[in-house]
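Chemist: What follows is each chain in one-letter form.
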Amino acid sequence: MTTAAIRQLLERFAAKIDGPLIAIVLCLFALGLATLYSAAYQAPARFGAQALNALLALVLMWVAAQVHPQVFMRIAVPVFLAVLLMLLGVALFGDVRNGARRWLPLGFASIQPSELMKLAMPLLLARYFHRHETALRFREFAVAFLLLAVPTAMIARQPDLGTALLVAAAGLYVIFLAGLSWKVIAAGTTAVLASLPVLWGVLHDYQRRRFLTLLDPSSDPLGAGYHIIQSTIAVGSGGITGKGWLEGTQTHLEFIPERATDFIFAVYSEEFGLIGASILLVLYLALIMRGLMISANAPTFFTRLLAGSITLTFFTYAVVNMGMVSGLLPVVGVPLPFISYGGTSLITLSLSIGMLMSIQHHRTLVQT
Amino acid sequence: MTEIKNIRRELHNFQVRLGVAGALVLAAFAVLFGRFFYLQVIQHQYYDTKAVDNSIAIMPIQPNRGLILDRNGVVLARNYSGYTLELTLSKIPNLEATINDLAKLVDIQPRDRRRFQKLREESKGQDNLPLRTRLTDEEVAVLAVNRFHFPGVDIRGRLFRQYPLGEVAAHVVGYIGRIDDRDVERIEASDNAGNYKGADHIGKTGLEQKYEGPLHGTTGFEQVETDASGRIVPRGTNVRTLAPRTPPMPGNNLTLTLDIRLQEAAERAFGDNRGALVAIEPATGGILAFVSKPGYDPNLFIDGIDPANWDALNNSPDHPLNNRALTGLYAPGSTFKPYMALAALELGKRTPNQTIFDPGYFMFGNNRFRDDKAGGHGHVDMYKSIVVSCDTYYYTLASEIDIDIIARFIGQFGFGAKTGIDVEGEFVGVLPSREWKLKRFKTTPLQQRWFPGETISVGIGQGYNSYTPLQLAQAVATLANDGVMYRPHFVDYIQNPITGERTSVEPQVVKTIPLKAKNLEVIKHAMVGVNKEGTSARAFAGAAYVSAGKTGTSQVVALSKNEKYSEATVAEHLRDHALFIAFAPADNPRIALAVLVENAGFGARAAAPVARKVLDFYLLGKDGTKPDKPAPPAPRPVDEPPAEDDDRSD
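So the protein lines, in turn, are chains A and B. Residue numbers for the first sequence follow the numbering used here, so the first one is 10 and each next one is one higher. Residue numbers for the second sequence follow the numbering used here, so the first one is 1404 and each next one is one higher.
Take these hints with a grain of salt, some might be off.
To give an idea of the interface, some chain B residues facing chain A are shown, with a C-beta separation under 8 Å as derived from the structure [claimed, not checked]: (1) Asn1416; (2) Phe1624; (3) Glu1625; (4) Val1627; (5) Arg1643; (6) Leu1645; (7) His1782.
Rough simulated footprint, nothing fancy, chain B against chain A, three-plus residues with beta-carbon under 8 Å [unchecked claim]: (8) 14–26; (9) 261–270; (10) 277–287.
Hints are computed from structural coordinates only; laboratory data are not their basis. Just so it is clear, CB atoms sit at the ideal spot from N, CA and C, and this is done for glycine as well.
Please model the entire structure based on the sequences and the hints provided.
Modeler: What follows is the structure, given as structure tokens:
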């Protein structure tokens, strides 16, 4: 083969890959693996496992990028129904781990259908609004809310507040972008605020405690407040420049709980300080802005809504996670995208990025 | 056209909404950045301190407790290193199950469990308590391997206190025990609380308690790094750099005036009898032997005594935990007579040669006070009154002296007053007087009144008289020392084990009783007569030194006026106590002692032989061991000639 042929092959291979997105994702992976190396010093196997996860994620991303957006629209309803069925399956036959029924045993492996709903939900709603693009009235929005409410409630009941939150957010972003009237938004916000006391009654004890301890972590320093106190100390003690890679005392003396997964940002900002945290903020901001740009330029209502929702879900991930670790938001199980250890959320995250790339690549081709 | 317009408008609407979302994103990120800036720049110092506090702990390092040695350097209390199995209660969710699991690995007896339970009840404030002490090497190995199964279970290497001689001198040395809630209060109230950081033990009784300060030592400190579960990160693998450690200063060693071989000989001399003995070096006040029988093993108390042993000791009818020498109160009986005789001479109530006739009783009004000897001793002078222990002589004498004058004179010898000895808890006793009776009885004026008849009993050492054996010994030591009273003390010197620097406990003169030498001479001469030809002559037959003594019998139950005491008809614990006071050599006393044998009847029979054995051991080294180097003789006032030997023949 000639070099030209190889180049051509590479070009074809990379044709549908969005440069800025892949660059950002690779940066995030690099930072994530470096942080994990420090956080998981006691379980070095995790580093290799996560590297493998990252490779798998890149492959999935590439695959998703090759798929035409029309296909996403076509599979939206079957995928949604399948995931909904699986959620039902979880409720009936699911495995209980750590007090929550989240896992569906498939014989060879177990999966968390709620995780897949993060993608299935915006796909379905985007497709629904696309179908009714010309006549969006109150009724359509009401149906959309209903479609969103059922799976969200099922996930929240598992209970998995973090995932329910992300699913709800993904759906709400679609509804918002589809043009829900500002009046309804205002009324809805008021209604939600007014119904907070009712919502409070529905929450599990441990969820309530988390909210309460957010307000005053020292009220339960060894219990629910412990996570927040210790991660806040880690972040604060990092200072401007951080304690240096592998030098975090909160990390290495095991004061940070879940330091490889949900609380990895505490490790990161303890060791890399405000400078490191700012770099991460900039990377996420770049990712989100790129996604919003893709959404703005997307060819169809479906792709616009999908890209916008996906992008804003990233935003939700990042803000909820960093807000929780720095003591601004209650502790909910939301990973830091591309940084936290774990394969499950990485699958949906990389599929999302792949979809964004696909939408970006086909932005002009479908325009009629 | 409208459709395109519509699409344009919708696209525009969409982009407005994207713009709103984008603004929301920017706002949220700005808030996050603000939060990071607040935490990492503005509050950095605060959180950095928190992070340090989290993981840097100041660990106290326990000092080695000082040793306790007898006057010849024999070790009475020492330390050895060993391992304990300790439980941190707050980290153990199911204590019962954990102990059961541990019992599969190491030997945990029901006794250990009960002891642990007792410890928990006594020290509620403490989180860390030992389940087992003195683990064997095998047990330590097994536990170390399985430690990760047991959060909150630790093996701790530390020094153990040990009393190698067990019961011998247990009441003197005392014991240390685990710091309980009351100790914590005391420590916190003291200005020395910092020195007890991390300490588990404190002196509870005896010298261990009294000399807690010098024995304890100074606690050292060390910075350590701990991880979130409280485990100490081994030095050298620390994440942080740590300050150098401040080593602990070991406690000082106590060297006693006590001669432990004499102590052993004295304890042996008691056989199975209960009782007390205090032997003092008259010239210094140094305690040579201090016996309270029965004794107990102080080693049982160090890490909490198990309930079975505790019940056995605490409920024993023999009360082994009582320090009889310090807190037992007994009527001095006839050992009181030499002091009464001295009072008579000093107060001018009698001359040595003045005689009375003893018909075997003394009539006071309509009351008949019986003499021990039926039919009486006939004509009795002062010498004979002491040698044969004539009660009638002293009944008569007491009837002629006011009780308050008796109390004032006798009180000079320390009767009914604390001696100031260097252990806690000595009892005061009762030196009867009008004032005492007024305070003692509160209900009716009749009870409070002093009746002259009561003085008669006091005159022979019975009645309200009640003193500790320590007071009896101090009195006879003062008499032997011609009225110069030294504060009795156990500790000769306190020595810093590192510098070798000694702090001596200087003999401390409490007072010098103004006594005429010739009067003292009369009394001492008569006391020599007691051992030579008197009530205790048999016990001292063939002694190679000249000793002075006085027998006594302390009534346990008061007899009605004309009743005759019969040993055979009285229950064992109601029988009279046998007493003996002595000093020797008579002309230059190196040892003075008081012996009390409970419920053993006449002093001559039970107490005098004990005294003989102790004096023989101390002065002659009988018992197969060499005698101690004699202490320098007591400094004598120059104007008083040394007592002369008795010139009477046997």
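Chemist: Quick check on the hint: Arg1643 of chain B CB to chain A CB, less than 8 Å?
Modeler: This hint holds: Arg1643 of chain B lies near chain A, its Cβ roughly 6 Å from the closest one there, short of 8 Å.
Chemist: Report holds or violated for the interface hint on Val1627 of chain B, using the least CB-CB distance to chain A and a cut-off of 8 Å.
Modeler: violated, 11 Å
Chemist: Hold the hint about Phe1624 of chain B up to the distance rule: shortest CB distance to chain A must be less than 8 Å.
Modeler: violated, 20 Å
Chemist: Should the hint that Glu1625 of chain B touches chain A count as held when the rule is a Cβ pair under 8 Å?
Modeler: Hint violated; Glu1625 of chain B Cβ to chain A Cβ min 17 Å, cut 8 Å.
Chemist: Is the shortest C-beta separation between His1782 of chain B and chain A less than 8 Å?
Modeler: violated, 90 Å
Chemist: Are Leu1645 of chain B and chain A close enough, Cβ to Cβ, to be under 8 Å, as the hint says?
Modeler: Leu1645 of chain B check fails; min Cβ-Cβ to chain A is 12 Å, beyond 8 Å.
Chemist: Can you confirm whether chain B covers the segment 261–270 of chain A, using C-beta to C-beta distances below 8 Å and requiring at least three such residues?
Modeler: holds (count 4)
Chemist: Please verify that hint: Asn1416 of chain B, Cβ, nearest Cβ of chain A, below 8 Å or not.
Modeler: holds, 6 Å
Chemist: Count the residues of the segment 277–287 of chain A whose CB lies closer than 8 Å to any CB of chain B, then report whether that count reaches three.
Modeler: holds (count 5)
Chemist: Count the residues of the segment 14–26 of chain A with a beta-carbon closer than 8 Å to any beta-carbon of chain B: does the count reach three?
Modeler: violated (count 0)
In the structure shown, a violation is registered for the earlier hints numbered 2, 3, 4, 6, 7 and 8, in ascending order.
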